[in-house]
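Turn these sequences into a full structure, and let the hints steer you where they fit.
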Amino acid sequence: MTVKIVFFASLREALGVDSVDLQISGSSSVSALISQLANQQSPEWLGILTAENIRIAVNQDLINEDVGVIDGDEVAFFPPVTGG
36 MTVKIVFFAS LREALGVDSV DLQISGSSSV SALISQLANQ QSPEWLGILT
86 AENIRIAVNQ DLINEDVGVI DGDEVAFFPP VTGG
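Just so it is clear: in the sequence shown, position 58 is 93 by this note's numbering, and no numbers are missing.
A hint or two may mislead.
What the hints assert, rightly or not - Listed next, with one range per pair, are the computed distances between beta-carbon atoms:
#1 Gly107 x Asp53: 14 to 20 Å
#2 Asp53 x Asn88: 17 to 23 Å
#3 Val116 x Gly61: 32 to 38 Å
No wet-lab data here; the hints were simulated from the structure.
Backbone N, C-alpha and C fix where the C-beta goes; we use that ideal spot for every residue, glycine too.
Spelled out as structure tokens, the structure:
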């Protein structure tokens, strides 16, 4: 099963990618996906994606890390929004 992971703005720059297709087995939590990404990509990803101010959305709904994901879901990571 595949979940599409999308990164926006400064996260895209920090991680060096705009998206990743992640293979999962069965249902999984967003927290588990973050750990899997860090194991597959770089341990630095764990700190970046779990920073206190990072927002996460599954299928365009803001969620917390305990929410489950299934095949075909899109998980998006957003840095804090600033501007004027």
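Any hints from earlier that this structure breaks? Give me their numbers in increasing order, please.
none
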